[in-house]
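Asker: Residues per chain, in single letters:
Protein chains: 6
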Amino acid sequence: MTITRADGRAPDQLRPISFERGFQKNAEGSCLVTFGGTRVLCSASFTEGVPRWKKGSGEGWVTAEYAMLPRATNTRNDRESVRGKIGGRTHEISRLIGRSLRAIIDVKALGENTIVLDCDVLDADGGTRTAAITGAYVALADAIEWGREHGAIKRGAQPLTGSVSAVSVGIIDGTPMLDLPYVEDVRAETDMNVVMTGVGGFVEVQGTAEGAPFSKDELDALLALATQGNADLAVLQALALEPTQA
Amino acid sequence: MTITRADGRAPDQLRPISFERGFQKNAEGSCLVTFGGTRVLCSASFTEGVPRWKKGSGEGWVTAEYAMLPRATNTRNDRESVRGKIGGRTHEISRLIGRSLRAIIDVKALGENTIVLDCDVLDADGGTRTAAITGAYVALADAIEWGREHGAIKRGAQPLTGSVSAVSVGIIDGTPMLDLPYVEDVRAETDMNVVMTGVGGFVEVQGTAEGAPFSKDELDALLALATQGNADLAVLQALALEPTQA
Amino acid sequence: MTITRADGRAPDQLRPISFERGFQKNAEGSCLVTFGGTRVLCSASFTEGVPRWKKGSGEGWVTAEYAMLPRATNTRNDRESVRGKIGGRTHEISRLIGRSLRAIIDVKALGENTIVLDCDVLDADGGTRTAAITGAYVALADAIEWGREHGAIKRGAQPLTGSVSAVSVGIIDGTPMLDLPYVEDVRAETDMNVVMTGVGGFVEVQGTAEGAPFSKDELDALLALATQGNADLAVLQALALEPTQA
Amino acid sequence: MTITRADGRAPDQLRPISFERGFQKNAEGSCLVTFGGTRVLCSASFTEGVPRWKKGSGEGWVTAEYAMLPRATNTRNDRESVRGKIGGRTHEISRLIGRSLRAIIDVKALGENTIVLDCDVLDADGGTRTAAITGAYVALADAIEWGREHGAIKRGAQPLTGSVSAVSVGIIDGTPMLDLPYVEDVRAETDMNVVMTGVGGFVEVQGTAEGAPFSKDELDALLALATQGNADLAVLQALALEPTQA
Amino acid sequence: MTITRADGRAPDQLRPISFERGFQKNAEGSCLVTFGGTRVLCSASFTEGVPRWKKGSGEGWVTAEYAMLPRATNTRNDRESVRGKIGGRTHEISRLIGRSLRAIIDVKALGENTIVLDCDVLDADGGTRTAAITGAYVALADAIEWGREHGAIKRGAQPLTGSVSAVSVGIIDGTPMLDLPYVEDVRAETDMNVVMTGVGGFVEVQGTAEGAPFSKDELDALLALATQGNADLAVLQALALEPTQA
Amino acid sequence: MTITRADGRAPDQLRPISFERGFQKNAEGSCLVTFGGTRVLCSASFTEGVPRWKKGSGEGWVTAEYAMLPRATNTRNDRESVRGKIGGRTHEISRLIGRSLRAIIDVKALGENTIVLDCDVLDADGGTRTAAITGAYVALADAIEWGREHGAIKRGAQPLTGSVSAVSVGIIDGTPMLDLPYVEDVRAETDMNVVMTGVGGFVEVQGTAEGAPFSKDELDALLALATQGNADLAVLQALALEPTQA
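Protein chains in written order, with this note's numbering: chain A, 1 to 246; chain B, 1001 to 1246; chain C, 2001 to 2246; chain D, 3001 to 3246; chain E, 4001 to 4246; chain F, 5001 to 5246.
Don't read these hints as lab results, they were simulated from the structure.
Remember, predicted model here, so these are calculated numbers, not experimental data.
Even for Gly, the Cβ is constructed at its ideal location relative to N, Cα and C.
Don't take every hint at face value.
To be verified - Covered stretches of chain F (chain E as the covering partner; in silico rule of three or more C-beta atoms under 8 Å from a C-beta of chain E):
| hint | segment |
| --- | --- |
| 1 | 5034-5044 |
| 2 | 5064-5070 |
| 3 | 5099-5111 |
| 4 | 5213-5221 |
As the list claims (entries may be wrong) - Stretches of chain A that chain B covers, calculated by requiring three or more beta carbons in the stretch to come under 8 Å of a beta carbon on chain B:
| hint | segment |
| --- | --- |
| 5 | 56-69 |
| 6 | 110-122 |
| 7 | 179-186 |
Build out the structure end to end from the sequences listed, making use of the hints.
Answerer: Okay, structure coming up:
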């Protein structure tokens, strides 16, 4: 029997994915990434120099901040600036994005430069953190290219050790499924975000039992699905970056 | 002698203006407004009910929040959520947008409903507050239409008493000019933001001498320019809203 | 027909104005300014040196902070220090005062010195921001005199390029009126604050339609009234400063 | 040998004390209190009703907030509202003033009414907290009189069980002295603030060894001095209140 | 070849584990848990009633807060209360503890009661979050027992659906190791925290590549190690709870 | 007639006192102090160097921070880190502890070193601030010993000029009593905290009338009781420190 999802996809199929580079005019790298109904604006700001605690190390620094526009969601969320503090979820996702990107950065090759990735969710329909990581990689690659062209990165240095992408997987009614939209996300018994390099190494695996605990077999099925989804995303990232990095 | 500006415009000419309605999928009204290199995402959230201090008044409430994405500008700005407080400029502009929109709202006709306008600057190239007001009106009109279609606004009630738009004007090298981009804005001796209704009434006039004080004649010249610019914007707003409100 | 106001004034008449210099003993300049029932304590703190971003520029810096005592108003307002953040109105007025004073300051002549104006409202009865600007000028003039006497400002340098004052005007029941107390302010259809130099140049014009939009004619009538009011204030400021600057 | 102080006073002499009632026009009770070079504006805000945790108790509530204007001191202090938090010293003094006033309040007789005392230091020259308590009592007495006249306090009820005042004492060069100005305060080996009722009961005794620890004899000498100073203040308070409470 | 660790343990051996119940006298459940040099004070506060958004649901709520004493670590950390905000790491761990405990709670059986788990790290030597989860379960079990004894939980209801524990695993010099102290944690190439139920189900799996990405084989080896470590912890938890739950 | 207290003590008897040194493994000095049901974890962090404003003075700095764990009390208190600000009581006690310890420190002998005392209340049963001061002294002594052994304090220098302890006293049903537990504290008519040196000098005396004002006789009786209690505490501190300082 073939299971079909509400949006007509097969269980192991990604939502329509697209990357619109150069979306924000001022950023050294910028990419509006779309995973179905989820859209995240990822921009990379390249600045020469590093935070004080890295000065003189010869190494660069990459960090990230994630946020949602108030009306990315079905009902409006108050701004964290108005509330005067950043919520736990925002903190957690910002940290995840930063770690994920640093996993494919050679800080020595980057030299004493800082790249800040801003990931602002314009529309939220599940998988905002995985879309953010996937899009941020594209913005990061463009910012590094910018640094190379402007002489801030040494000739011949390659700060990128590979590519990185992320996808969510989950078990719904007993079936492992790839890239969950919001309606599936809230129903998932187990929910996992998997960050991988373009050559199939694991960077982050975050699985959570939403209802009953999950077994090793279920974990294996989810990881297999995520491995394939990330392989597909890596190809799409490479295609999106082709024109300028050819 | 004809004065031509860096971008080839005549002194009394607006930058290319566009309105992309429905930009954020979840909002009851949403409009990505473009004034040349400035782009502001304006979304209107319609909710039934009003803040506690208006309960039982039979009147609605319209308010606005303005913010900039960190990389809307040439160099990255820290997020106000991270800093833990909202700056004076943000407060000031949020209040201006709210007052401007309330000027064309009949709160009785709106009934006990609240509309929050979120104006997030994606790209900043001068005139972000005037673009925000102009685009927010379009989002507001759509949200009111949504309220009417969903029965939250009484049949026959018309909460909009007219349209509202805003434009900046300034004196540069002695010449009054309309709709200043960033490069002109920083050079302007006098800088004025003028908010007007579609039928030519003044809603807000905010003029500031950046260098020498300005005279009544200069003020008059600027107001004349703004009057014409706002008349043009009112037409463009009406055209943008045409398909659904015909 | 002669229109008389609740307090017996003619439409174009200022409230009783007074300046009590030296009110705060420690400040380099201090002035308790009275506009009828409104009293604002304006003090100027002169310090040698400038903020980091002005260092080495050879230029000085003038800034202002506005606040209300909790019981300046009819009912008590919570302290912004207790709330942990500054409201939008406070920010807006502080920025307006600072800009207004900088309009008559020659930062080169001031040299690398900083003057902070603190404007604390003791009693609020309308027009607190215009009283604050008008009184702050007097405190500023005294602080500059202090700087000159103490050798912090170069001999022969004149950091003041003129005087500055402000007054509110509004349309009430169709009649333009000068210097509105609270009871008039809340009834005004249009409300305008006009900051001018002692020789009649405009520094800031901020007009807001509280009810219906206003016309160019109404704007002109209000500006004429404000021009005359500010001329009167400039004379009173000069008289107040006479003893020490003679 | 007679010891004379810098300002010519005898060791057991108060500075010139004055009370200017009705200083803030809107407050139900208001008093500008002067202790030599120290001036504190104390205002009492009377509101019907009590905080949630006292509702239905039949009892009233009295509390206090203390603050300094930025330029009360010799060099300017940043505003606590701008810093975004209240310092420990401010908290400590606010709590002391509140406790001191509650010591002479019969909350049952006050009924479910709240009185907030705002004590804002205009000029600081030592002893601001003791001046604040002493002046706040006068404002409080006026606010209670207001409550009685306006029917918020029951006819015949007397919420005041007595008067309260405070004075600082300290040991300087081995000599106990009364009511220290700033120049003495910083030199004092031991510093004590003593709050007493008008009939000589102790409400608060806060003694601190600034240098060497102090002995029981020194403590006794300081308490004797404070007892006499507070007796004098009680007389001055009664005189200040005479006209309206006769 | 047998690998021995700095502290003499085998790679698959836990550090000395202990549970001291009733450590905080006032809490309904309290446990000082020790994992070698790491000590976390876990206390459970039982209150009748639930947050507003759960009222009337018939369901209870369990949540957790994690914090470190300033000197739990090798050098002192500033207090988050003094800094005025909670850091991302604290938020992230608090959320993880809460989710882990909710995985073994039947909220219907708990009824409309709230249990807050406070996990304060007294000494930090690696694995503070896993020790916190493991100790918090013990405190939670005692608080539920308290609720049952005091009639807040219905007779016969069993809010606990099982036990939960957590342990860290990591790869060091190519060898998977269990329960890492700080000196191993900083050297680990891959670091994973695994939360499991007492019967071997996975609740949370959080793996992070600190250096190179990890492979599926490495992931499997780590999960096997964690499965065994959690099985051991489940036995120790049961023993610790024996006296009162026999 | 002999008065016996609820816990069987005589009015002039301390609760069981104990000091557990070295409680937190990482701190240079650490002491878990017990006053009956009150337990406070006091740790001293020794760092070389001083805050900016003391640099080059040749003097050291000692400061303290006090806090309560959420469940030290009978019902849970929200964390101040979560509330985002520190309460007045916390500030007040932190300042008191710091002043008390500085009273027995010779900052010249300490040299340019900083010692921060963290006093975290694990269980609160009255007298937490006095226990904190008493225990903090023990932690401080150990930290100074550590500084001497590690060469941060000059050979032969003795930064401690003596010992310091604190105890609460109060009048209950007319009887002065020593070292009040919570049940007595809430009933006390007068409440006093007395900080003294080991040789009987007064460092801080803070007395508060909770109900009726107190007389000089009552004050004297309380001070006599506190003097004796502090003498006992000084002996216990010396015994606790004996092993290492012999």
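Asker: Looking at the structure, which of the earlier hints fail to hold?
Answerer: The structure conflicts with hints 3, 4 and 7, although it agrees with all the remaining ones.
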